[in-house]
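Participant: Could you slot chain B onto chain A? The hints should help.
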Amino acid sequence: MANSVVTNQKGVLVDLTKCVGCGSCTVACKMWNNQSFQHPQTEEFQNAHGVDVELDSNTWTTVDHKLVEKDGKEVWRFVKRQCMHCLDPACLSVCFSHSFHQTNEGAVQYNPELCVGCRYCMIACPFDVPKYEWEKVMPSVMKCQFCSSKLADGEAPACASVCPTDALMFGNRDELLAKAHEIISSDSKYVNHVYGEKEVGGTSWLYISDVPFGELGFPTNLPEQSVPGNIHEFTRFTLPIFAVGATAWAGISMYTSRRHKVHEAEHGHHDEK
Amino acid sequence: MEKHEQTENKGMSRRRFLSVMAGTGLVGAAATMTGCSPVSDPSGTGWLPNQYRNASAMPVKVKGRVPLAPENVSLVRNDEKCILCGQCLEACEKVQSVFGYYELPVLDEFICVHCGQCALWCPTGAISERDDIEKVWNAIQDPDTYVVVQTSPATRVGIGEEFGMGAGAWAEGQMVTALRKLGFDMVVDTNFSADLTIMEEGSELVERVSHGGVLPQLTSCCPGWVKFVEYYYPELIPNLSSARSPMMMHGSTLKTYNAEKLGKDPKKIVNVAIMPCVAKKFEISREQFHGLQGGAGHYYNDDTINDMDYVLSVRELAKMIRKFLPDADNFANYEEGKYDQIGSTAGLIFGNTGGVMEAAVRSAYKLITGNNPPAGLYDLQPVRGLEGIKRASVNVPGVGEVKVVVASGLANARQLCEEIKSGKADFHFLEVMACPGGCIAGGGQPKTAVPPQDWVREARTATVYEHDKAGQIGDTNEKGGQDLYLRLSHENPMITDIYNEFLEKPLSHLAHELCHTTYVDRSSHLVRKDV
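Going down the list, the sequences are from chains A and B. Take the first sequence: its letter number 51 is residue 51 in the working numbering, and every next letter is one higher. Take the second sequence: its letter number 307 is residue 307 in the working numbering, and every next letter is one higher.
Hints are computed from structural coordinates only; laboratory data are not their basis. Incorrect hints may have been included.
Just so you have them, the derived chain A footprint on chain B, three or more residues with Cβ under 8 Å [what the hints assert, rightly or not]:
1. 65-72
2. 103-113
3. 429-438
Below, computed lysine-lysine pairings styled on DSSO-like, alpha-carbon distance capped at 27 Å [to be verified]:
4. B:338 <-> B:469
5. B:261 <-> B:181
6. B:81 <-> A:73
7. A:131 <-> B:81
8. B:469 <-> A:189
9. B:181 <-> B:267
10. B:403 <-> B:319
11. B:268 <-> A:18
12. B:81 <-> A:18
13. B:181 <-> B:268
14. B:61 <-> B:323
15. B:366 <-> B:505
16. A:189 <-> A:70
17. A:18 <-> B:61
18. A:70 <-> B:529
19. B:505 <-> B:261
20. B:421 <-> B:529
21. B:323 <-> B:181
22. A:131 <-> A:189
23. A:179 <-> B:529
24. B:338 <-> B:319
25. B:505 <-> B:264
26. B:447 <-> B:181
27. B:81 <-> B:319
28. A:179 <-> A:198
29. A:18 <-> A:189
30. A:18 <-> B:338
31. B:366 <-> B:403
32. A:66 <-> B:403
33. B:81 <-> A:179
34. A:66 <-> A:189
35. A:131 <-> A:261
36. B:81 <-> A:66
37. B:61 <-> B:529
38. B:181 <-> B:264
39. B:268 <-> B:319
Even for Gly, the Cβ is constructed at its ideal location relative to N, Cα and C.
Same shape as in the complex, but just chain A (with noise of 0.2 Å):
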């Protein structure tokens, strides 16, 4: 399901286990986008990176510093999140309004100046990434734009660019996904699950892990089939149910029209007199 648009179709591959929660990739994120440091409600100033750190409108990426269980230990881990750039994704489906495309790189990007505000997209998302500007009269929906002009100009995105333990590596996706399963295979540490292949049809951020994904905040319920994919089994009979209806609705209408003509003209004009 695929967009026919994404002909260069690039990922980044998160391995959890390099990461040592400096943020750097946090900092990037907001040094690229021009944002500030403050929380759009609260106004108040925050990292963003930290134990229970969330993504919000002014945020687009955050590592999330968790303390799990490892072999009967407390761990830290620190898990990068952001948009996952589903490759069939289901925001991009929901929006009415056209303000979700993919670019040549596979870019899932969102243009404020085009979105209503309606926040379909919010509620598609499985991954809880879309977030809204309530503090804004005219409020628009934010998230991660994959640094798309940078991709396009065959750069790395901000927060790839700025690791300093290849935690993050950026590069074709189909080249990352044969990496991480070589990875997987070749080290008995990890979790022998490459999150972001299938799920929800698959996206362009991969991720590999010694710690099961469910332990670190990932949703582990999502199907195999993209959103889009699973819906169209019913909304493709969208169109087909309204020609049907319409076809319908214009023939009940026809018949009751001519009924009531064929019946005023065998009654006569009773009422007039």
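Facilitator: Then chain B, alone, in the frame of chain A:
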């Protein structure tokens, strides 16, 4: 005329205007809805350092920044100021060999030895010491407390730089005056406790050398170095001198010996230290110095007494002076204040890399031979200077050649640790300071050059040695006329006093309680990486 123009301007009727507007709106809305309308690219347009403007497959060497735990007791980072220049990481990895020397994934700690080199290298001030000014100020304002402040040897060649006095300017007297103006009740000199350290650590060395103890002995004054050993070389913990750092010895003796002398309730004494260091903030948080595990707490059997209470960096002191003293601009002209408790210039040279070694050699000579050292040992050139690793040997009558090594910068120290581990080390005593150049260029010193530069280090080092040569510290030169007086820790009259009146002798039971400590194996918090 005017009227005529106005009529002409009203060329369009209201009805027509409205329909044109409505039409434009409809066309625009239609174009927008169908996605035909040209819209600007919503992608980011910000700025990133040049090294990041490429595909990440490129082997960029300088990127990212150091991981810092939000709860780090020494250092904080303001993300708003971070420009991802990568300098902190350069310092942490290349200078200190901390980052990159443990395997990933990480375990349960953000590995940090709190040296603060990252803060010195940070060009924007995003990384800085955790600010404790308010806590200290509140203690000073509290009429119930007796606030004692001690100043580390290296502070007096740093603080002046914050007030335009030039690199390495001597500002001891001005600093003491400023501290008194700020309202500290007692101003003492860490040079004194450095002397005390020499007595304890020197005696320990003599003990180890003469009774076949674990050698080489490693100095333990530098909390960054100590934590480094605890993380990476726990097998060398037995080599670490059990002597506390001067600051911690001072903390415990101030709340015991001095408290008794002054007739003060030790619970009301608040110990503050001005340090060229941010690792000292971590050091006072070590549980070995708290309550019953600590010196003073154990002495009084009181769990609420900690040996030290607050540490301020030199930068924080400068900030405090500017904030609270209206005449701060006149700092350079402050009168020459005097300490309430003085140290020797052997204590003073602790501030330079090689200084602890030189001071120790001077007194160890006395401890072993019973005589004061010959003139050459007052100018031990091989251990002086900014070279990362310096080796020397000293001929001590009765013992023979004592081989000593001095290192500053933990990457250099790491080489020596490997040497010891592999059994190749033939030296007896190793001095390590985490910061290149020693405390004079410590992580809490003014950022006179960013990143730290040798010309600043050299200026500060030179001032320290100059004042050691002059031997003019303090004003109680009772034995006036003797050149070498007060260049020897063991001849500091206050050191003689504390042993006579309180501690009895070096390594006594009480000295062990108040002036020595234990270490923790921290190797379970990381997987050491052999690089």
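Participant: For each hint, tell me whether it holds in the structure or not.
Facilitator: Hint-by-hint comparison with the structure:
no.	hint	verdict
1	65-72	holds (count 5)
2	103-113	holds (count 7)
3	429-438	violated (count 0)
4	B:338 <-> B:469	holds, 20 Å
5	B:261 <-> B:181	holds, 24 Å
6	B:81 <-> A:73	violated, 35 Å
7	A:131 <-> B:81	holds, 25 Å
8	B:469 <-> A:189	violated, 60 Å
9	B:181 <-> B:267	holds, 24 Å
10	B:403 <-> B:319	violated, 43 Å
11	B:268 <-> A:18	violated, 48 Å
12	B:81 <-> A:18	holds, 25 Å
13	B:181 <-> B:268	holds, 21 Å
14	B:61 <-> B:323	violated, 41 Å
15	B:366 <-> B:505	holds, 15 Å
16	A:189 <-> A:70	holds, 11 Å
17	A:18 <-> B:61	holds, 17 Å
18	A:70 <-> B:529	holds, 20 Å
19	B:505 <-> B:261	holds, 19 Å
20	B:421 <-> B:529	holds, 15 Å
21	B:323 <-> B:181	holds, 12 Å
22	A:131 <-> A:189	violated, 35 Å
23	A:179 <-> B:529	holds, 24 Å
24	B:338 <-> B:319	holds, 22 Å
25	B:505 <-> B:264	holds, 24 Å
26	B:447 <-> B:181	holds, 24 Å
27	B:81 <-> B:319	holds, 19 Å
28	A:179 <-> A:198	holds, 16 Å
29	A:18 <-> A:189	holds, 12 Å
30	A:18 <-> B:338	violated, 53 Å
31	B:366 <-> B:403	holds, 17 Å
32	A:66 <-> B:403	violated, 49 Å
33	B:81 <-> A:179	violated, 36 Å
34	A:66 <-> A:189	holds, 18 Å
35	A:131 <-> A:261	violated, 58 Å
36	B:81 <-> A:66	holds, 25 Å
37	B:61 <-> B:529	holds, 19 Å
38	B:181 <-> B:264	holds, 22 Å
39	B:268 <-> B:319	holds, 26 Å
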